[in-house]
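Student: Listed below are the residues making up each chain.
2 protein chains.
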Amino acid sequence: MYWDLLGYGTSMVAIAVALFLGYYVNKTEPGTERMREIAHAIHEGARAFLKIQDIYLMIFVVIMAIALSLTLGVLVSIAYVFGAIFSMIAGIIGMEVAVRANVRTTYAALKEGVRKSFLVAYLGGTVMGLMVVGSALAGITLFYDLFNDFQVLLGFSLGASSVALFTKAGGGIYTKTADIAADLVGKVELGLPEDDPRNPAVIADNVGDNVGDVAGMASDLYDSYVASIIAAMVIGYEMAANLGSSPLYIYFPIVIAAGGIIATLIGLSWVKIHKHEDPGASLNRITLIAVITYIIILYAFVWWFKANWAIFYATAAGLLAGALMGITTDYYTSIDKKPTQKIAEASVTGTAVNILMGFSYGIMSIVPGTIGVAIAMIFAWYISIHFNLYPIYGIAIAAIGMLGIVGTIVSADAYGPIADNAKGIAEQADLKEDIISLLDRLDAAGNTAKAITKGFAIGAAALTVIALFAAYAEIVDLQLLVNVGENVTVDPNKILNLVHPNIVAGLLIGAMMPPVISAMLILAVSRNTEVMIEDIRNQVKEKPGIIEGTEKPDYARCVSIAEKGALKELIIPGITATIAPILTGIFLGVRALAAFLAGSIATGFIFALFMANSGGAWDNAKKYIEDGHFGGKGSEAHKAAVVGDTVGDPFKDTAGPTLNTMITVMSLIASTFAPIIALIAFFP
Amino acid sequence: MYWDLLGYGTSMVAIAVALFLGYYVNKTEPGTERMREIAHAIHEGARAFLKIQDIYLMIFVVIMAIALSLTLGVLVSIAYVFGAIFSMIAGIIGMEVAVRANVRTTYAALKEGVRKSFLVAYLGGTVMGLMVVGSALAGITLFYDLFNDFQVLLGFSLGASSVALFTKAGGGIYTKTADIAADLVGKVELGLPEDDPRNPAVIADNVGDNVGDVAGMASDLYDSYVASIIAAMVIGYEMAANLGSSPLYIYFPIVIAAGGIIATLIGLSWVKIHKHEDPGASLNRITLIAVITYIIILYAFVWWFKANWAIFYATAAGLLAGALMGITTDYYTSIDKKPTQKIAEASVTGTAVNILMGFSYGIMSIVPGTIGVAIAMIFAWYISIHFNLYPIYGIAIAAIGMLGIVGTIVSADAYGPIADNAKGIAEQADLKEDIISLLDRLDAAGNTAKAITKGFAIGAAALTVIALFAAYAEIVDLQLLVNVGENVTVDPNKILNLVHPNIVAGLLIGAMMPPVISAMLILAVSRNTEVMIEDIRNQVKEKPGIIEGTEKPDYARCVSIAEKGALKELIIPGITATIAPILTGIFLGVRALAAFLAGSIATGFIFALFMANSGGAWDNAKKYIEDGHFGGKGSEAHKAAVVGDTVGDPFKDTAGPTLNTMITVMSLIASTFAPIIALIAFFP
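Residue numbers (the working numbering), protein chains in the order written: chain C, 1 to 684; chain L, 685 to 1368.
Pulled out of the complex, with its shape left as it was, chain C reads as follows:
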């Protein structure tokens, strides 16, 4: 039925287009010597960090690979290593292009104006987007084709997630350490403007944008994307084994994903901005076209493969829920909307009220998303029953629906830090005010796109882990009890019965994990920031010429502090997330572990969304004041808003995004190790 053709074909096309676009971006003029010098420093820093991070990662991957080959066999272990490597390569190539695109965006703005500048930034981001979907789908198709075994596929997914956890947590700590330190000492104590070359932390800050936002977000979505496809495939295997379903349901997730890549490529061909158009409108147009194309392709594929029609409706429901999350995030974080402006207004009353407002609006923002995900899930279930499809499969498919156009999402997301960096380079290179304000427009569009994609990413992660939860339930053979109305004979040990203390305990402990990991990461940022602040103060003291502009600060020292701190600090949260599900399973049983996953999904979703949105709202409340409201820059209100923004930094860029990955990792660990855990657990 050509599923393999679709899987290999679309992924290869995606990778080929990505490489071509990378080549195109690289061919663009790299700018003046001063600009190239700054870009080079950022490039070096980012590369140095990724290199050391990847060494750490490889050590972790090797340990895990040994553990996997001892417990689950060599094939799973090999798949795990490949999952990790594919994810790393996608991240490295994407980032290499992004750090080249930034300076070229600046130069294009200087020489050719907004249209070319936007094009360079967006295409730079697209390299990352296409690399992510291409390498992910290629890997899945290959491993399915070669081994046709769901344990192997889970291994591949776990490999991708391990990388994501480290990149998200490490990159998140790195970027916010540098950002907060640069702000607190540079802006507040020394009175330097943003991105001033006299600030010793400025390069570390720019590097952070790349390692945190580009590489981090990419591996986050890579991980969700792979996990959502494989969760559905695992359920497809169980359907074939237990219900005698067609193998179509095993490989159809690959077909759905291939459709998404086609839609992304079609959307991409519309990239351009009209003369006086807002760059944000262009980003939204690309997304909209991709969504519509995707729905049409899905319809065609379901018809062509003679698949169950419930699949079409479930995918559409997932897409809609994702769009709702994006819109909500936009409402709660956009500079033009009430919540952000209320937070800005509250800054007049004082810092504390700004903090309280931002915190509260962030929490209020979880309501539509939660209800949207709940409705999508219930809809996918009952529409599946209606069309006589195994209902758990319908839920898993909804998650893929949400993630289908992930190529478009990652492209828009990677565009953000490229534009941000381009602006930074322009400022450090002392370009004229109109160039900076042009790049500022590109940057602002990036911020909105980032907020929307973040909401999307969190929603996708939530549905993915619900699918993984279902896959886990299938693997440990929990009974579904779909057919209601008549009594059935069951083994009580096969039911995830919430009226049991082990199950409730699993739920409570699982619910505790996401906030606790968040707190660990925020404490890590706080500790690391204090070290860097100390260093910046020392640098300025040692060389008084730095502030006068006669001496150059030692940028590398700040880069190295951010780097070492991030790598040191990610170990404990990383290990905690890896070990907690295994310990819960062993001490409380495999059913308690299922409840653990459910609990972690509930709070993981809440915290990821609230932290992302609070952070976004604080950020834009500050920008709203800087636009001249409530006293403008330098007023008391502005000082309050700066504190809010700083509090929001690790919320939205360290803890929040790591949670997505963390709940995926925990779900995958549970599914992968389930057979072993069931053997040695103290409770059934």
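No lab work stands behind these hints, which were simulated from the structure alone.
C-beta atoms are modelled at their ideal positions from N, C-alpha and C, and glycine is treated no differently.
Treat each hint with caution, since some may be false.
If you want the footprint, here are the derived chain C segments under chain L, 3+ residues with CB under 8 Å [as the list claims (entries may be wrong)]:
1) 84 to 92
2) 177 to 190
3) 342 to 350
4) 366 to 374
5) 500 to 514
6) 599 to 610
7) 617 to 624
Residues of chain C clear of chain L, computed beta-carbon distances all greater than 12 Å [said to hold, decoys possible]:
8) L70
9) W270
10) D554
11) R591
Assemble the complex: chain C is given as a structure, and chain L must be docked to it using the hints.
Tutor: The following block gives chain L in isolation, referenced to the frame of chain C:
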């Protein structure tokens, strides 16, 4: 078997002792004219607030009573009204004594020194403690004796909880509006010291301590206490009906509670402080004696009533878990411990780092409590199975164990605001520095006691709602599946199976409720504070003599703003908490409603604990700096810590404590309306 004698006897003795102590405190010298004048203003303000709040409450109670009598019959409705009235009366009497005890504590410090002063403050608090347990147990015993029907008992409990929800939310908004406004304008803008009579909000602030901390905390624990006893009784009814158990298990919770009152009275007889003793040590001694006595009495009662020994062990496990929560809270919020001092140190780096640290340590503090509650619950279950007791009953009993000595807890808790007020009155009356520092010692002891009792209260609420969750499961007839190892025949609609979208949706929506209600309450405080700040600024502008001390501010205006705002703002969160479980039940089914409760327990526990402990830690980090560390008062670090303290105010005194009550109310609503919901729900 004398259970009625114990129920009536101990509750009557408790009420009699409370009235006698109230008389004794009232007979103590009320102080100089200036002191009485200040105390009078506080008294008036508190009384005015309670009066209006009780009018609002009565309207709500009447509406609910009508709804209950139309759906569940007149008896349930009557019990509901009595539960509400008993709780209100306990609150009113306790607060009337507390607002008399404050000025008498000040005067005793002036005339007779620390020992008498401590005695007046503690006995004033004890009136509240004994009124709470006395009236609660009297009501439960009476309604059980008269009607012997669990629906009626649930009605009584729901009445008490409705009052608690309003008092906690209303009082919490009131007290923090006044506190934050008084701080932000008074201290920061006008540079006035704490409790300065020139601050227009000073009386509102003092009133707030009484309505929020005394009346609020009392009704919170009243509510948990009643709910824990009645949850166990409901399960006892189900055991008698379905398993043919002895009626002993229905009334034994009353016996356990009576034992707790005896232990509280014995602990109380040890109240005194030695000459150079820390008042905090004395409070801890009273608690310790009550705990030990309680365990001995329990042992004796189980033996005398020939009850199941599992009851003894389960109660002890509950008590231990409660103690663990108290100790954890103390560690994370005490001024002598690492977390608070680290937060203080972080204030040197800046406000944002202070906020991030306090937030993170508050979250870290949930770990021991969560694991402790999980272990207590699992232990109670398996020890019950071991002794052949219905295991759900064992869990309910563990909750009563935690709440047995609630009389002691409330006494220590009410002592805090009395000492706080006494210090405030001393400052407003310009007493000498040594008297103020003496009262400061009493106040500091109160803060620690308050932190410990808060941890205790949250743990108790968590176990209570787990017991209520179990009671709900019994009422809607969910199957337990205790006997494992062999297949059983079940009705799938009777199993709370977590692998079902409605159940997962219920869990997600339930988990969303506590954070959302918290955010609503914090936004309410923010809004209300802005109004009051505006008014204070206007007052100072209208009468310039206020700051010079030649004109008196209009205290009543601030009192009225706090009052009106609090009452207006509590309506929406109150109604949301009441209606959400009913809507979930109707739209997703009674099993989804059970999962809703489980989700709300998980996040309710997490948010209540984290908010209380973050708030406490921020508060003490500020005090630590004020003690002369990191630059002391007036330094940049101090300013940062003041912001942290202000952010923590609504965390620890509005949102956090309301959550306890909210999850109890939602559980009781679910249990009480279960028969109706089951009839009209869209899903089984």
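Student: Could you run down the list of hints and mark each one as holding or not?
Tutor: Now the hints, each set against the structure:
1. 84 to 92: violated (count 0)
2. 177 to 190: holds (count 3)
3. 342 to 350: Holds: 3 residues of the region 342 to 350 of chain C have a Cβ under 8 Å from chain L.
4. 366 to 374: holds (count 6)
5. 500 to 514: holds (count 11)
6. 599 to 610: Coverage by chain L holds for the region 599 to 610 of chain C (7 residues, Cβ < 8 Å).
7. 617 to 624: violated (count 0)
8. L70: holds, 30 Å
9. W270: Given a closest Cβ separation of 36 Å, the condition holds.
10. D554: Holds: least Cβ distance 21 Å, greater than 12 Å.
11. R591: About 9 Å separates R591 of chain C from the closest Cβ of chain L, which leaves it inside 12 Å; violated.
This entry does not satisfy hints 1, 7 and 11, going by the numbered hints stated previously.
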